[in-house]
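**Q** Knowing the structure of chain H, use the given hints to seat chain R on it.
Each chain, written out:
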Amino acid sequence: MMLKRLLPHKTQMLVLLRPGFLVGLAILLGSLALAIFPAAFAPFEPNAFNYSALKQPPSFEHWFGTDNLGRDTLSRVIWAYSVNMQMAFVATIFALVIGVTVGALVGYYGGIADAIFGRCVDAIITFPFLVLVIAVVAVLGPGLTNMYIAITLVGWVYYARLMRAEIMGQMANDYAAAGKVMGYSDRRIIFRHLLPNAITPVIVYWMTDMALAILLGSSLGYLGLGAQPPQAEWGVLIAEGRNFITTAWWLSLMPGIAIVLTGLGFSLVGDGLADLMRPRG
Amino acid sequence: MTETKTDFGTCPRLLEVSNLSTSFSAGTKQLRAVDDVSFHVNEGEVLGIVGESGSGKSITLRSIIGLSRRYGQVSGEVNWQGNNLVTMPERDLRKIRGKDIAMIFQEPMSSLNPLLTVGLQIGENLTEHTDLDKRGRKNRAIELLEMVGIPDAVNRLNDYPHQFSGGMRQRVMIAIALASNPKLLLADEPTTALDVTIQKQILKLILDLSKDLGMAVILVTHDLGVAAQTCDRLAVMYGGKLVETGNTREVLRAPQHRYTMGLLKSVPENIEPRTQLYSLPGTPPSLLNLPLGCAFAPRCAHAVDECSRAKPPLVGDAHQVACFNPVNQGQTPIGAA
Numbered sequence: 001m002m003l004k005r006l007l008p009h010k011t012q013m014l015v016l017l018r019p020g021f022l023v024g025l026a027i028l029l030g031s032l033a034l035a036i037f038p039a040a041f042a043p044f045e046p047n048a049f050n051y052s053a054l055k056q057p058p059s060f061e062h063w064f065g066t067d068n069l070g071r072d073t074l075s076r077v078i079w080a081y082s083v084n085m086q087m088a089f090v091a092t093i094f095a096l097v098i099g100v101t102v103g104a105l106v107g108y109y110g111g112i113a114d115a116i117f118g119r120c121v122d123a124i125i126t127f128p129f130l131v132l133v134i135a136v137v138a139v140l141g142p143g144l145t146n147m148y149i150a151i152t153l154v155g156w157v158y159y160a161r162l163m164r165a166e167i168m169g170q171m172a173n174d175y176a177a178a179g180k181v182m183g184y185s186d187r188r189i190i191f192r193h194l195l196p197n198a199i200t201p202v203i204v205y206w207m208t209d210m211a212l213a214i215l216l217g218s219s220l221g222y223l224g225l226g227a228q229p230p231q232a233e234w235g236v237l238i239a240e241g242r243n244f245i246t247t248a249w250w251l252s253l254m255p256g257i258a259i260v261l262t263g264l265g266f267s268l269v270g271d272g273l274a275d276l277m278r279p280r281g
Numbered sequence: 001m002t003e004t005k006t007d008f009g010t011c012p013r014l015l016e017v018s019n020l021s022t023s024f025s026a027g028t029k030q031l032r033a034v035d036d037v038s039f040h041v042n043e044g045e046v047l048g049i050v051g052e053s054g055s056g057k058s059i060t061l062r063s064i065i066g067l068s069r070r071y072g073q074v075s076g077e078v079n080w081q082g083n084n085l086v087t088m089p090e091r092d093l094r095k096i097r098g099k100d101i102a103m104i105f106q107e108p109m110s111s112l113n114p115l116l117t118v119g120l121q122i123g124e125n126l127t128e129h130t131d132l133d134k135r136g137r138k139n140r141a142i143e144l145l146e147m148v149g150i151p152d153a154v155n156r157l158n159d160y161p162h163q164f165s166g167g168m169r170q171r172v173m174i175a176i177a178l179a180s181n182p183k184l185l186l187a188d189e190p191t192t193a194l195d196v197t198i199q200k201q202i203l204k205l206i207l208d209l210s211k212d213l214g215m216a217v218i219l220v221t222h223d224l225g226v227a228a229q230t231c232d233r234l235a236v237m238y239g240g241k242l243v244e245t246g247n248t249r250e251v252l253r254a255p256q257h258r259y260t261m262g263l264l265k266s267v268p269e270n271i272e273p274r275t276q277l278y279s280l281p282g283t284p285p286s287l288l289n290l291p292l293g294c295a296f297a298p299r300c301a302h303a304v305d306e307c308s309r310a311k312p313p314l315v316g317d318a319h320q321v322a323c324f325n326p327v328n329q330g331q332t333p334i335g336a337a
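Going down the list, the protein sequences come from chains H and R. Number 46 in the numbering used here belongs to position 46 of the first sequence; there are no gaps in the numbering. Number 140 in the numbering used here belongs to position 140 of the second sequence; there are no gaps in the numbering.
Source of the hints: derived by calculation from the structure; they are not laboratory data. Note that CB positions come from ideal geometry on N, CA and C, so glycine has one too. Please note: incorrect hints may appear among the correct ones.
With a straight-line Cα cutoff of 20 Å, these simulated EDC-like cross-link-like pairs (lysine to aspartate or glutamate) come out [unchecked claim]:
#, chain 1, residue 1, chain 2, residue 2
1, R, 99, R, 131
2, R, 99, R, 133
3, R, 265, R, 52
4, R, 99, H, 186
5, R, 95, H, 186
6, R, 211, R, 146
To give an idea of the interface, some chain R residues facing chain H are shown, with a C-beta separation under 7 Å as derived from the structure [stated by the list, open to error]:
#, residue
7, 65
8, 97
9, 105
10, 107
11, 113
12, 125
Next up, chain H with everything else stripped away, as it sits in the complex (with noise of 0.2 Å):
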């Protein structure tokens, strides 16, 4: 009974149901496994040179191919699942919540503190958002820690753009001055009252965020500043097979999949949680 109270009216819960939404889940399912467990699913060891099978085109033993050095390509790319899934949570979730936080706080008090944040974003958001990371990195140092840096340092902002105009719509319902008047801390009024109101835009451009800090991490990576060879990460991978172009063309083809599949997921998941949480009761 308390389930029931918390899910959806029914009607919305047909969203779930949608084919698009049905496999943007199973492909975030299956990464999400491919992450947890690599070993499991990998038939070779990522790193384990073979010089009797260099560069060997796809086969049943090797079903993405092997690269110069005889790694398979398809273990090194169920390894790098590990690394980039893990970029798409922990490079968004701290600029989440910085993010949540300070949009939260200067949509609701205003004032000169919202005029300060309002010109920091023009500012940060006038610059392109790889080359202000890509700076950020370079001053920090390459690696996969600093690139989480970088990246929280930026895309906060975009998070909390995006709290601040919810929040302020939100306090135009009686509810929030109804909050002022019941004599509540601005503190409860903000965090018990208006947050959990305004957060469902944030949680769907998450989603799609994720999927964007996936690209960007092996952007990152094939630039040579996030994760750093022989590490298997799909950037990664993708830069060591573009010298073999021309004759291996599945070291890169292969990860390059891989990224467009994961990213489809999270957008196709998001797409659905953006119909599913949208209209309210």
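**A** For chain R alone, coordinates are given in the frame of chain H:
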């Protein structure tokens, strides 16, 4: 309901508003939404503030409780138990809001948080202002829901606002407002969004609760009929100013301000079928561009020279009026005497 009026003249004053003004910056201009308004509320009494849209009645209410300060400049004095609410710091004001003075709003659809059960929303007020534990809060919530006439209160505690009808939501809102036994309830057009039969029930509920709990009420409404049925005293607002105050019966039987007179005339009562209804000529002035003198003068058929030169002060004892050329005592608003 008019028969049960008691004389509140001797009751101690609960709230005293003097020279309250609220203005907002609109570009380079100052918009004076509330202009030098003074009135008082006695203990246990129902005061009605009536006026048309934009006359400043809601802003007056919001200025009393400090909701307007974020957006505009409030000056004057609101005396509550020896303290001036206008200058009181937000932190102290919070202890009075919800506990001593509560407020209900026009739109029961948006004044409840859609994501919390009504039980939890009543609990919010109780956690803020009482020491009740979880069990005590639940019992009090049931008690309150029963008090405002929600059937099967025990089982409705876990329902969400969208599972209630408009009238029921307004009852829930009243239950939340009354959770900590306030001494004054500010009601900002509480029945405007409801249909007529429900309106009557909600008004009766507010009146009954006011009487049972000894709670004073300021009822803001643009519906003269509602005010006539409910209020002990009336305050009529026009263009951000109070134009007439007094005992409801006196104000309605013998209005002295031309605007009140016009309002009463436009109530369709005792007229032949298929005759044109009376309406006040003209429209209210823009608050950005108020005339120098009486704000009603441009629409007034009885304006004298003085009206356009100076603002008439609110004069009188129990029945006060702000008019240079008030209605003579002999005249009655409606043809029948």
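**Q** Evaluate each hint against the coordinates.
**A** Checked hints:
no., hint, in the structure
1, R/99 - R/131, "holds (13 Å)"
2, R/99 - R/133, "holds (17 Å)"
3, R/265 - R/52, "holds (15 Å)"
4, R/99 - H/186, "holds (16 Å)"
5, R/95 - H/186, "holds (13 Å)"
6, R/211 - R/146, "holds (17 Å)"
7, 65, "holds (5 Å)"
8, 97, "holds (4 Å)"
9, 105, "holds (4 Å)"
10, 107, "holds (6 Å)"
11, 113, "holds (5 Å)"
12, 125, "holds (5 Å)"
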